[in-house]
Each structure stands twice: as structure tokens, then as C-alpha cells.
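Please build the complete structure, drawing on both the sequences and the hints.
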Amino acid sequence: MNTNEKFDIPIEIKSALLKYIVIIISIVFIIQLFYLQILNNEYFNTKSTQNSIKGIPIQPIRGAFLDRNLNVLVENINTFTVKIIPAYFDTSKAKYVEDALNLERGTILRYLRTTQSYSPYIPIRIKKDAPFKNIAWIEENKEFFKGLTYSVELQRHYPEVSGSHMFGYLKEISKKQLEEKKHIYSMGDLIGYCGIEKTYEDYIRGEKGYQYIVVDSKQREIGRYNDGKNDKKPQKGFDLVLGIDKDVQKVAEEKFKGLRGAIVAIEPQTGEIIAFVSSPEYDLSRFSAFTDKAYWDSLLNDPNVPLFNRATMSINPPGSTFKILAAIAALEEGLIDENTTISCPGSFVYGNRSFKCHGAHGNVNVIHAIEHSCNVFFYKLIFKIGLDKWAEYSRKFGFGSKTNVDITEEVKGLVPDSKYYDKRYGKNGWTQGFIVSLGIGQGELSVTPIQLALYTALIANNGVSYQPHIVKGYLKPGTKEIIPFKFPKIETHISQRTFDIVKQGMFLVVNGSGTATSIRMPDIPIAGKTGTAQNPHGKDHAYFIGYAPADNPKLAIACFVENAGFGATWAAPIVKEVVHAYFNKNKIKQTSKDSTNTPKRKQ
Amino acid sequence: MKIKTSLNYRFDFNIFIPYLILVIFSLLAIYSSTINQTGPVAYNFYKQFVFAIISIVVLYYTYKQSEGFFESISFPLYLFSLFLLVVVLIVGKTINNSKSWLSFGFINFQPSELAKIATILYLSKFLSSKTISLDNIKDLFISILIGIVPVILILLENDTGTSFVFIVFIVFILFMKGFNPLLLIIIASPFLIIFASMFGIIPVILFLIIILVALILLKPNIIISTYIFLFNVISSFFFNYIFNILSAHQKKRVEVFLNPEADPKGAGYNIIQVKVAIGSGGLFGKGFMNGNQTQLRFVPEQWTDFIYSVIGEEWGFIGASVVVLCFALILVKISKLFLTAHSEFSRLVSVGIFGFLFFHFFVNIGMCVGLFPVIGIPLPFVSYGGSALLFNSIALGIILSFYKHRVSI
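Those sequence lines, one after another, are chains A and B.
Heads up: the first sequence at position 449 corresponds to 449 in this note's numbering, and the numbers run straight through without jumps.
Heads up: the second sequence at position 378 corresponds to 378 in this note's numbering, and the numbers run straight through without jumps.
Incorrect hints may appear among the rest.
Using C-beta positions, here's what the derived DEER-type ranges look like [said to hold, decoys possible]:
| id | chain 1 | residue 1 | chain 2 | residue 2 | range |
| --- | --- | --- | --- | --- | --- |
| 1 | B | F238 | A | I24 | 24 to 32 Å |
| 2 | B | G287 | A | K133 | 49 to 57 Å |
| 3 | A | Y20 | B | I234 | 25 to 33 Å |
| 4 | A | F132 | B | L283 | 50 to 58 Å |
| 5 | B | F372 | A | K175 | 34 to 42 Å |
Short derived list, chain B residues pointing at chain A, Cβ under 10 Å [said to hold, decoys possible]:
| id | residue |
| --- | --- |
| 6 | T62 |
| 7 | T94 |
| 8 | S235 |
| 9 | S236 |
| 10 | I272 |
| 11 | G312 |
| 12 | I365 |
Keep in mind the hints are simulated off the structure, nothing from the lab.
The beta carbon of each residue, even a glycine, is placed where N, CA and C say it ideally should be.
What follows is the structure, encoded as C-alpha cells:
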């Protein structure tokens, strides 16, 4: 071994060096295997399971909406959705499919392009709500059109009433919502977007089921996982029971056809909403199908803004319906009693302005001032009350803040007080003249119809009611037992005597010689107050608030008709019809059903 | 201890038994990963089974041969293998981007497998002749030429992995012959440390320690030692410097190489799925035919370079460790032969065989367990491939034959 002379490494060392390298590397490998297979086994196991076992979600049946007598208002129906599995579909045949399904040419390719990033084995929807003849055609031509398939999906259906603004609709879940509720929803799921569909989402959603299948690396289904033993059945959502009476609601909707406005009818003792209409309505059933772009555009461009919920979001001065409030404030503060008279010469001059009344009422007390809706009486009264006192009483009845009705789209309106004017016009920038018109419900005061309904309910039930709500409770699954939701009580702490006096006036409005004698019904005495609110942008808004029967109110209603004219002419007759519908029906059922349908609440 | 008449004295079961275990694991893994496939792949098990029987028989006949036989055939075999490597460039069949296959209908054959054995035998024969010295420039040049000709031909086939294998066993043989390892370290270590620095500071420190140990062992003069060590330290900063001047697109490629999770659907896919398959095996594995990564084909072409993941998934830590131990035992037993070999020729051949088996083992399993970047070379005796199994078995047969004729020390 003369060659090793210069770098004389003995062969033993070379041999040992190579041997130990092998041993060290083997030990490193075994340590790494231990790290992967023993220490991180759980992590890789989960990954491997996720790889090959796919949970196919089965959508739960969404809870139905029932009216107070358990009639179905909103339910689910099955519709067919046509789908394509891109991996199997021959795009050169797309035009035949488009023709057969009445789709525009090029639709299929467009969908395929937009979903290119997904696995080609995941079916994509190409037509929702397909008629049965499409499905029959698919079945017949299955062999020729590989990858063309369909599935049954649930869709909302509205058999009785429109109720668009209170029911609301569903939309595909947004990215932001998905972030927050990852554990419940997945992409493409529908979620309540407005109305009670949104508010009660957690109750009506139900729970998704899962069918577990085994897929290979290309997402092809190989078979059921564990013979379906791990599958989870979907759980149906709770059925909601609403305070709505479908017949009353139907009449209210009919009477509002062609008009803009809103009506809210409340059961004063419970706060349950019996009818709720914002007009014009929109067709919810077209929202639950394929996003109908043409319809959506037509709604957005409609000058009557049908998507706008007037019952909870339109704010306007309430006109003479607000005179009751001024009367209550004055009576409760002891500024007047039922005998105090104020003279009405036909107009009221303040500074250099003259405020008109509709006729000279002479010396009137508060009862007749309400009956005849005398403006001068209330012009003068509000000076006695003072702005801030008046605002304080307004707030007691819930004005200036949200009623917290169980749909989230709501605004709070405005009750002006001296703080507000100071802020708006500066400390000395306004005079007492600003408050004159507030006495008759005009000026900067603005209220929503739902606030007026609560106000009416509080008057009707002598200062005690509950937060207005559309939904009473939900049905215990499989039974007819209603599990009620709890709503806060509202109390005004105003004396019975005050209510007695103003209610006399309201009774005479309809049943005396007041402003709404035209809606008098002999068997069901209505008490109420008309209102006609001036509006700088067009015709007056018509208002009527009222309750019936006058002696023992079961129904309190606020009705608002946009740009219609006199309250007595436009709003009051609608209220009459709604009252009529309610009592006509309940006359028969009153004795048998009324006691069971009213949830037991401590008052 | 040494009873001359015992069978174990003449036939090294410590090599043969691990070999058999590896072949059995191989057949089980090929069966599991291909039997339910459609197309020609479904016959892989039967083909490999036939080759395994043939290989064992051929191994036995190789074992029976004398050292002189191997010496005498080395030159013609070398020439023949070069001829085949040229033929394959002209009429070869391209599989997985490499034009390295000769097709005989049902059977594909890789001439580089034959060339591996032939090059080891001929290079060893050349170097073991008494008149040869690596200090002689002409001799050094000829020995490098013997090694480099097949490497160039294989590179032309676009089979980089295999040409790496050749370089490694050529270096091992030269090292054993007495080629100045210092020269090797001077040439190779800066590249290796740049490579190590890609994986962070700890590999760099480990590598510097190895260099230090090597320098102490080799005892060159202090100035040269200092120069080599400093040059390595400087080189270790080279990667970060280069990386920072790369374009975003180039950076991305390097990042995927270092961290496959950065591109799970693309370049990183295979190695992620391989790691998931092995990691999910647990202690005892999911059982034969029960690995869902394997059965559902999450690892592409799993019966070839990634076959270790089938064993890791279905036979668990136990099975995967047994494979490592089998290789370790075979390699350690071969390294014993460096001392006991009957002649310089058999010593050098043993080192060459050790070199390529070691490199395959180190790179393939290192890649599967995520310690080494993806380099497409198969696991000897285990990966699917009839000609590879045959020639690897011949290599072990040669080792066993040398064992029979060893000298006792």
C-alpha cells in the first residue's frame, strides 16, 4: 500500500469512519420516524383522514313560520337544481343542454370558467328551480350527456301572505360572517339576511347532517365510510309561532295594494304583532330562487322603493295623532283637567306668524279638543307644558328610540328637546316659536309607524305593554306546545285618570262628532285619532291610530299612508277593515281559542 | 467463534436475511399499492415477484463465483455496458423524462444498472494493479476517465439521480484507494456547506464540526487547515447573500425546495403526501392493504421512488425501522469486508458497492422522512423495478462471494 504513504490513513480508520456514518444516519432516521409516526401521529392521522374522508353536508330543513293559530305562513318546498360535474361533462355538447333547459347560449361555459379553481369532481349549479320537464329530459338523455345531474334542494314558500318586510329573506353567507361562524356554516350556505329570518336564524337554522364518503386523490367517490355508521342526520330547525293572524294580515296587505305606507297591529296586553305590513311589498319567492337579476334591478330602480321597510324605518312627523301625547303630559302634570277650557278663535298668532286651525272651536276642553282635533288648543297647551317636559313624556312612550321589535332593520326617529335645538341652532339661535308646531305633531318631530303602534298599545292598555314582537315563541319539536320567548315589559307610570280622559276624547273621534265618524261600527266600537302630516315634498301623509273594542281593547293599530291626504279619508278606513277582519273571525273563536293562544304572562 | 465448517462461515446470513426481509417488504408494498389499479400497473406485483425469484437464484450463482471470475469479466463487461449506454441514447425509451430504458416488449431494462456494476468492477481492477499510483497524474487521469465516461452518457440520458450515484461510488473507491481526501474536502466542502446553510444555522454548525474533526484526523499543516476552515465559514454566508439578490420568482422555487408546504398543490405535493402517509402510520401501521394514503393513491407512482411511504403507512414505525435496520446491517457488514477482503480488488469493489447502496439508502429514506430534498432515486431491493433488483442482487452476490474468500484478522 505504497499509495497511502503521503496521507497515511489506516484502512481501519477508513472502515470505521464509513461504518459509524451508517450507524449515525440510521439512528437519525429512526429518531425522525419516531418523531413523525409516534409523536406527531395524531396530526398526520387527521391530515390523512381529511385527505380521504369527505363529509358531504346535508342541509337541515329550515324551521317554518306559523301564525298565531298555527296556520303555515312560510314553509319549505322541494325544488330541482340542475348541476354539472365538470370532469365528466363534454363541453362541446353544452349548447344542446342550454337549449333544452332554456338557458342562454354560453351560460354553462361561463359557470365552468368561474368555478375553475375548484376540483372538477365537485358539481356546480347551472339552473335552480328547474321545472319537472327539465328533470325528465335529463333522465332520458343521461347516457348522452355525461356529468349532467340534478339534486333536490329546499326552498322557502309563502302560501298565504306576502309579509316580505317582516319575514325577510336568505342570502349566501358573506366572507365576513363565515369568518365569525366557521364552525356552523360553510361556503355557499344560506343565512337569514333580514327580517325574522335573520333575527331567529339560530332557532330556525337547524343542524347540518353529514354523510361521510371515501374519496381518492382525485375526489372520486370510492364508497361510504364505515358503512354510514358515522353519518349524522340533519336536525330540523324549530318552527316559529308568530303573533300574526294570517286573515288579518291578508286584509291589511290587500287594503294597502297600490298604496305606499305601513300598518302595525299589536295586541296591547302582550305586545304581540297581529298584522305587519310595509307597502309596496316585494315577492319573496323570487328571492329564494336563483338570483333573479332582472327582478332585483327592477326593485332597486322602483321609485316606490319596495325594499324599504316603512313600518320600522320611515320617519315622519306623526301629525295630530301626537296631540294625545300633549294632552297626557298636560293632564299628568296637573296643568289642566278635563274641565279646563282654552278658546279657539280659528287661528293662533305667535310673533308675526299665524297658525291656522280648521274652524273656530270656541272654548274647548281637552276631550273635545281631541275629538275635533283642535289645533289652537294644542298650540297653546305646549307652551304650558314646555319643550323638555313634552319631550320627556314622548320618550316615556318610546319615541326617540328603537322599539327593539324583533327585526333588526329599525331607526329611532327624533324627539327634539332644548338640548337638540341648542346643538342644532346654537344656544340663542332658536325661539319658543319653534315648538308651536310640535304641539300638533309637526315640525322636527319624527316617528316610525311601529313607534306609533307601541304608543297606541300603551294608551289602549293604560300605560302597560310589552316590547312589540312578531314572534311569540317556537314549537317544541313534534308537539303543538309553544315555548314562548320573553320580552321586556314597558310601563309609562301614568295615572289611570289621565288615560280615562284622553280615551274619552279618542272614543268620540269615531263615535261622537269627531274626525273619523265614517269608520264607526255599531258592534265593535273603535277609539282612535286621525292625523294628517304636512310634508314639504308632496301630498300630506295620512295617519290613523286606534284601538278596539274601545272599552276593552284587544287590538291597537297604527296606520300610515304616504302622500295620500287626510288621515280620516285614507288611513282610518284601512284600520276599520283590519279591526273588522280581526273581530269577525274571533267572534266565533273568541270563547274557545282565545284563552289557549294567549301565552300566560304575569302583568 | 469461528467454526470453519459452519455454513455461516461461508455464507453471510447477516447480509442475506436483511436482503430477504427487504425483498418481502418490497413485494408486499408493491402488491398493496398496485394490485387494485387499472392498466398495466396492476401486473407490477407479478413481474416483480418473478424478478425476485430470478434475483435470488442469480445472487446464489454470483456468490458461487470466484474473485478471478469478476476480475476477468470486468473489462468486457465495462465495454459492453458503455455500448448499451450509447445504444440507449439512440433507441432508448423515455420514462419519467429519462431516456434510460431499453424496451424488450414486456420488460424494460436500464443499462445504467449494468454499468454501475461494470464500472465498479473495472475501476477497481484498474486501481488494484500493482503499478498504479494515484500520485501519478496519468494514472489519476485514467481512473477518473473510467468513471466519468458512463457518468457523461447517463447525464445525456437526462438521468441526473443515477449520475450522482456514480459520482458517489467513484469518490468512495478513490478515497479507499488513497486519493487524498483533503483534496476532496477542499473541493467539495464549500458546496456542501452552502447546501447545508439553506436549512438553517444548525446544519452549518454541525457541518463545521465535521470538517474540524476531519481536519484533525487528516492532520494537514496548520496553515492549510486554517485556510480550509475559514473558507467554509465564509461559504456558509454565501447562500443568504445569493438568496437576497434573487428575483421573487427564483426565490419562490428555492423556498418550495426548502419548505414544500409553501406550495402544497404543486411541487410540494408529493413530499407532503409522503410525510402524511408515513406519519399517519403510527407504531404498528394501518395494516397490509389498509393505508388510505396508499389505497386512495394520494402519492403518485408510489411503488417507485416513494415506496418507503407505503411501508411507513401500512407497517408503521416498526416496519419502517426494520427497513432502516436491514440497510444498516447490510452496510455495516460490507464495511467489515474492507478489512477482511482477500485482495485490493475485492476491497475496492466492496467499497464501490457500499458507496452506491449507502447513497441510495441515505437519499431515498432521507427524502421520504423529510430530511432531504426530493431527488428521484429508488430504494434498492424495495422500489419496483426488475432490472434494478437483479443488478442490486448481483452486487450483494459479489459481496457474499468476497465474504466467502475473506481472510481472517
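Here is how each hint holds up against the structure:
Taken as a hint, the range 24 to 32 Å holds for the pair B:F238 and A:I24, whose Cβ atoms sit roughly 27 Å apart. At roughly 51 Å, the beta-carbon separation of B:G287 and A:K133 lies within the given 49 to 57 Å, and the hint holds. Distance hint check for A:Y20 and B:I234: the Cβ-Cβ separation is about 29 Å, which falls inside the suggested range of 25 to 33 Å. One distance hint, 50 to 58 Å for the beta-carbon pair A:F132 and B:L283, holds here, with the actual separation near 56 Å.
Between B:F372 and A:K175 the beta carbons are some 40 Å apart, a value that agrees with the proposed interval 34 to 42 Å. The beta carbon of B:T62 is not positioned within 10 Å of any beta carbon in chain A (closest approach about 23 Å), and the interface hint is therefore violated. Annotation: B:T94 was flagged as interfacial toward chain A, and the flag is violated, the nearest CB pair being 25 Å apart, outside 10 Å. Violation of the interface hint for B:S235 is found here, the shortest Cβ-Cβ separation to chain A being roughly 22 Å, above the 10 Å cut-off.
Contact between B:S236 and chain A, as hinted, is not supported at the beta carbon level, the nearest pair being about 21 Å apart and thus beyond 10 Å. Interface hint status for B:I272: upheld, as the beta-carbon distance to the closest one in chain A is roughly 9 Å, under 10 Å. Interface hint status for B:G312: upheld, as the beta-carbon distance to the closest one in chain A is roughly 7 Å, under 10 Å. A distance limit of 10 Å between C-beta atoms decides the matter here; for B:I365 the minimum to chain A is near 6 Å, and the interface restraint holds.
Going down the numbered hints, you'll see the structure goes against 6, 7, 8, 9, while the others check out.
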